[in-house]
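Novice: These protein sequences, in sequence, are chains Y and V.
The first sequence maps to residues 0 to 79 in numbering that gives the first Met the number 0.
The second sequence maps to residues 0 to 559 in numbering that gives the first Met the number 0.
Treat each hint with caution, since some may be false.
Here are the simulated SDA-like pairs of lysine to any residue, each with C-alpha atoms no more than 25 Å apart in a straight line [as the list claims (entries may be wrong)]: (1) Lys43(Y) x Arg92(V); (2) Lys43(Y) x Leu558(V); (3) Lys6(Y) x Asp82(V).
By construction, these hints were calculated from the structure, which means they are not laboratory data.
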Amino acid sequence: MLTQLVKLLEDKENGLSLSEISREMKAQPTAVLCMIDLLVQKGKLLEVGPDGKCCATCGIQTECNLLAARGKRYVVAALS
Amino acid sequence: MTITSSLFKLDYGGKIEREIAKLISAFEEIKFDTGRYSQRWLALKLLEADADILARVQAMPNGEQVIARAKQGAEHVSSMLGDDFDLITADRRYGYINGIVRQSLHRPLIDRITLTDRIDDIVTHKWLGLPVFFAVMYIVFRLVIDVSSPFLDWTDALINGPLANWLRFILDLTPAPAWIHSLIIDGIVAGVGGVLVFVPGLLILYFFLALLEDSGYMSRAAFVMDRFMRVVGLHGKSFIPMILGFGCAVPAIYATRTIASRRDRILTALLVPLMSCSARLPVYVVFGLAFFGARAGTVIWAMYALGIVVAMLAGMVFTRTILKPDVTSAFVLELPPYRQPALKSVLIHMWENTREFVRKAGTTILYASLVMWWLLNLPWGVAEQRDSYFGKVSGTIAPVFAPLGFDGWETGGALVTGFMAKEIVVSTMSQIYLGGEEAEVIQPTTLGEDLIGIGQGFVDATVSSGKILLSIIPGVNLVDATSASEDTALSLALRERFTTLSATAFLVFVLLYVPCVATLGAIKHEFGISWAVTSAVYQTAIAWIVAFLVYQGGLLFGLG
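Build out the structure end to end from the sequences listed, making use of the hints.
Specialist: Set out below in structure tokens:
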């Protein structure tokens, strides 16, 4: 499943959101989120904002309206 | 105690299983006692380089050697499979879990986000978004105006019928002089009651607004209108109060609370009264029928359009002068998922907003009603209205309107009373030109008869509203076609005093001049006295200028 997830994102230059990934993988978002968290933790994936910029370096993630409304996107670290 | 896992063993694949087996062999070779841990589980954790387990094993006898072997094995597997050992095992676990879930559980995906996306594809579409928005607002507008009208009539009848009669009865029991009777009935009941009549409309308006807001559609409407509102230096959120301004400016002013920036709120509140409210409609209808006949509908539509155009121009001027856009008013749009509105939340929203209107606007109207009553009745015993202070003041300001084509004291007086509520312009003119209404003969009724009448009226209003509601459905018509009653006598009187051109200038002036006292009260309450004064002054100035241009321009083109 992790391999499948990474492969899925390798084809998406602008990454995918959680809902898009779960739809593609036909799995529940909560289950997919655990996989994503592990891959982000291992440095395989990067969290990016809705505008395609990296959220990981932003200090106001918890207050970001744009992020709250549109959600994070994920890209493969090697491609970013 | 030793933890065993003999019942279940996940197969991680040949390469990993071989490394696990090699590490277990190493435990025995190095004489490493795994203690309370299962050998297989510990081997797996060591290969995954679990930080907690590494720390524990390091403290155990021969732990260093075991860790070194495990590291070697993990690197070997990683080099062969091209990924971290722990990721490979996690992948196998997720794959196994996924297989079990697929075989044992059949359920549809939670599709709320998808549904939201699908709806948004239509309602925020580049071309479809606007027609959808106008369709939604048209339905809401019709529901508020049409469905509430039977209840408005019922409230009007209640206040001016039984309630006024009960007050008269109570006053008759007291030794209060006649002027106290007049002050309470003609001043307070007529003035405050005139505002309370609109409460059913407000309840219905806020009900539908709460439905739209709680469902998440309001955010989409603001998104759709955003690019148009930027022309006048505002954001999409300002459009909702402006739409509400077509019904009544007072709730529209309060509706600006949804806008975060104070500058945007003020600018919106200054433009909202330029939207032609429903109170101006009686004036348009009376003058339209008197002077434009079959073209009355076009003239009324033109009044609404003129209000929008003037609002856009005024917005551009304000944006470039006293209300320049601030850098902190960036519009961050949140599009929450659609959800089913909770009835309790909607009802609370509806009640709180209406209560605010009754409390604040009602207070302002009460004071204004008292002042107007005094002005109409002073000096004491005045026989003719034109000799009252009100009549004299009206006569004094009347010359101001001479360049606009209407300079009679009656017109000036009607415009002054229109300051209380725009529809009073018509009733004042009717009283002045037609000599006032005859005193109504009140048939004595018992309290029981009054209560039955109130209940019956409410039932009738509910039935009428229900019919109107159903008639909104295309192809359904449960409402009898009734033509608006035409005040022929007033029309004739108006034709004697106005020309078509001066009547047009008068309509333009009524559309644009000072907002009613309740609207100014709302602006004062929300933004302070200075902005209320600004609103009154700038609108009156614009009204005078535009009416002047209409009348004098018309004369120049020989239309007078």
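Novice: None of the hints should be skipped; say for each whether it holds.
Specialist: So, going through the hints one by one against the coordinates:
1. Lys43(Y) x Arg92(V): holds, 18 Å
2. Lys43(Y) x Leu558(V): violated, 79 Å
3. Lys6(Y) x Asp82(V): Distance ~13 Å between Lys6(Y) and Asp82(V) Cα, so the pair holds.
Against the hints set out earlier in the document, a violation occurs for number 2 only.
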